[in-house]
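Fit chain B to the given chain A structure using the hints.
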Amino acid sequence: MKKLPVKCPSCTNSLKVSQLSCEACETIISGSFDLPVLVNLPREDQQFILDFMLSGGSLKKMATQLNKSYPTVRNMLDEIIEKLNQIKR
Amino acid sequence: MNYKLLYNPFERFQERFLISVGIIALIIGALLAFYFQARFDGVLDLHFVSQVDLWQTFADQAVNVVCLLVCLGAVAFYMNKRTRIIDVLAVCLFARIPYYLLSFFNVNGLMVKVSEEILKDPMGITTGNIAIPHLLLLLVFSGLSLLAIIWQLVLLYNGTKVASNAKGTKYSILFVIAIIVAEIFSKLLINY
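As you go down the protein sequences, you meet chains A and B in turn. The numbering of the first sequence is our numbering, which starts it at 124 and goes up by one. The numbering of the second sequence is our numbering, which starts it at 51 and goes up by one.
Bound conformation, chain A alone (with noise of 0.2 Å):
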């Protein structure tokens, strides 16, 4: 799967969505749509996000999951809030 870009490369400024299309009937949709706030964090973050919804947002059984002891899971996640209030911000 290729990674979605979500800086420019030439400026660093974020990047928009201009143009979506449908695969089925090739209807292209052109305009300006900002990215989902969860796009913008490294692939493994969204993978963590993605596991730990889907654990029912517990922590301890992301711990057995991941091999890694229930604070280090804890501060992962404080990690991935960090980064998005940064993004946010």
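The set of hints was computed from the structure by calculation and includes no laboratory data. Just so you know, not all the hints are guaranteed correct.
Okay, derived cross-link-like pairs now, SDA-like style, lysine to any residue, Cα gap no bigger than 25 Å in a straight line [stated by the list, open to error]:
| no. | chain 1 | residue 1 | chain 2 | residue 2 |
| --- | --- | --- | --- | --- |
| 1 | A | K184 | B | L94 |
| 2 | A | K183 | B | K220 |
| 3 | A | K206 | B | L94 |
| 4 | A | K191 | B | K237 |
| 5 | A | K206 | A | S181 |
| 6 | B | K54 | A | L207 |
| 7 | A | K206 | A | N190 |
| 8 | B | K217 | B | R89 |
| 9 | B | K217 | A | A186 |
| 10 | B | K163 | B | I182 |
| 11 | B | K220 | A | I203 |
| 12 | B | K131 | A | V162 |
| 13 | B | K237 | B | L94 |
Which chain B residues face chain A? A few, computed with CB under 10 Å, are given here [said to hold, decoys possible]:
| no. | residue |
| --- | --- |
| 14 | Y57 |
| 15 | P59 |
| 16 | E65 |
| 17 | L68 |
| 18 | L81 |
| 19 | Q87 |
| 20 | R89 |
| 21 | N130 |
| 22 | R134 |
| 23 | D137 |
| 24 | A140 |
Here are the simulated distance ranges between beta carbons [unchecked claim]:
| no. | chain 1 | residue 1 | chain 2 | residue 2 | range |
| --- | --- | --- | --- | --- | --- |
| 25 | A | L189 | B | L197 | 25 to 35 Å |
| 26 | A | S133 | B | S70 | 53 to 63 Å |
| 27 | B | K220 | A | R212 | 49 to 59 Å |
| 28 | A | V129 | B | R132 | 48 to 58 Å |
| 29 | A | M176 | B | V226 | 36 to 46 Å |
| 30 | B | E166 | A | L189 | 50 to 60 Å |
| 31 | B | K220 | A | K126 | 45 to 55 Å |
| 32 | A | Q170 | B | K217 | 20 to 30 Å |
Even for Gly, the Cβ is constructed at its ideal location relative to N, Cα and C.
Structure of chain B alone, referenced to chain A:
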């Protein structure tokens, strides 16, 4: 082998495992201290004595763990209000394991005898009037003690860091202060 487990097992193992191993090690450590007449009379202290009671060796270990728990717990809570006390307890129990093995140096009262010999002629070290085996034993004991203290401190530092998600210079400074305070309190309580 994953060497990180030697200096930071707290990222990998759950608190229940760490506490269980820490308690078993504490009991073995206290029994070894009783058998080899060692007093862990401070968070960073070990002295060999001519006689010690079993309750004293257990009391020493308990005071040391409680002092570390209170001081490092305070730092951890200051750095992060969401810190769980059980994680800090796991760190305080587990981190002392390297220290317990030093009791073996006093097998058959060896260290006490060497100390008494040296105290008969305290200037012997500077004048060279000291038995070579005694000097070697002191050197090995000093080296291994230093290693055990550093290992214990590294485990305490990394463990509290994981438990509280603390970072930066502020944490390092508070950690040093907490260890000094724990050492003073444990020393005062044990000698009271």
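A quick look at each hint next to the structure:
1. K184(A) / L94(B): violated, 37 Å
2. K183(A) / K220(B): violated, 29 Å
3. K206(A) / L94(B): violated, 39 Å
4. K191(A) / K237(B): violated, 36 Å
5. K206(A) / S181(A): Holds. K206(A) to S181(A) sits at ~20 Å (cutoff 25 Å).
6. K54(B) / L207(A): Answer violated: K54(B) to L207(A) is near 29 Å, above 25 Å.
7. K206(A) / N190(A): Roughly 23 Å separates the two Cα atoms, so the pair holds.
8. K217(B) / R89(B): violated, 34 Å
9. K217(B) / A186(A): Since the Cα atoms of K217(B) and A186(A) sit roughly 21 Å apart, the hinted pair holds (cutoff 25 Å).
10. K163(B) / I182(B): holds, 15 Å
11. K220(B) / I203(A): Given that 25 Å is the threshold and the Cα spacing comes to 22 Å, the pair holds.
12. K131(B) / V162(A): violated, 30 Å
13. K237(B) / L94(B): Holds, at about 9 Å.
14. Y57: violated, 15 Å
15. P59: The hint holds - P59(B) has a Cβ within 10 Å of chain A, the shortest such distance being about 9 Å.
16. E65: holds, 7 Å
17. L68: holds, 8 Å
18. L81: Cβ of L81(B) sits 29 Å from chain A, so the hint is violated.
19. Q87: Given a least distance of 37 Å, the restraint on Q87(B) is violated.
20. R89: Hint violated; R89(B) Cβ to chain A Cβ min 33 Å, cut 10 Å.
21. N130: holds, 8 Å
22. R134: holds, 7 Å
23. D137: holds, 5 Å
24. A140: holds, 9 Å
25. L189(A) / L197(B): 25 to 35 Å: holds, 32 Å
26. S133(A) / S70(B): 53 to 63 Å: Check passed, 56 Å falls within 53 to 63 Å.
27. K220(B) / R212(A): 49 to 59 Å: violated, 23 Å
28. V129(A) / R132(B): 48 to 58 Å: violated, 30 Å
29. M176(A) / V226(B): 36 to 46 Å: Since M176(A) and V226(B) have Cβ atoms about 40 Å apart, the given range 36 to 46 Å holds.
30. E166(B) / L189(A): 50 to 60 Å: holds, 55 Å
31. K220(B) / K126(A): 45 to 55 Å: violated, 36 Å
32. Q170(A) / K217(B): 20 to 30 Å: holds, 24 Å
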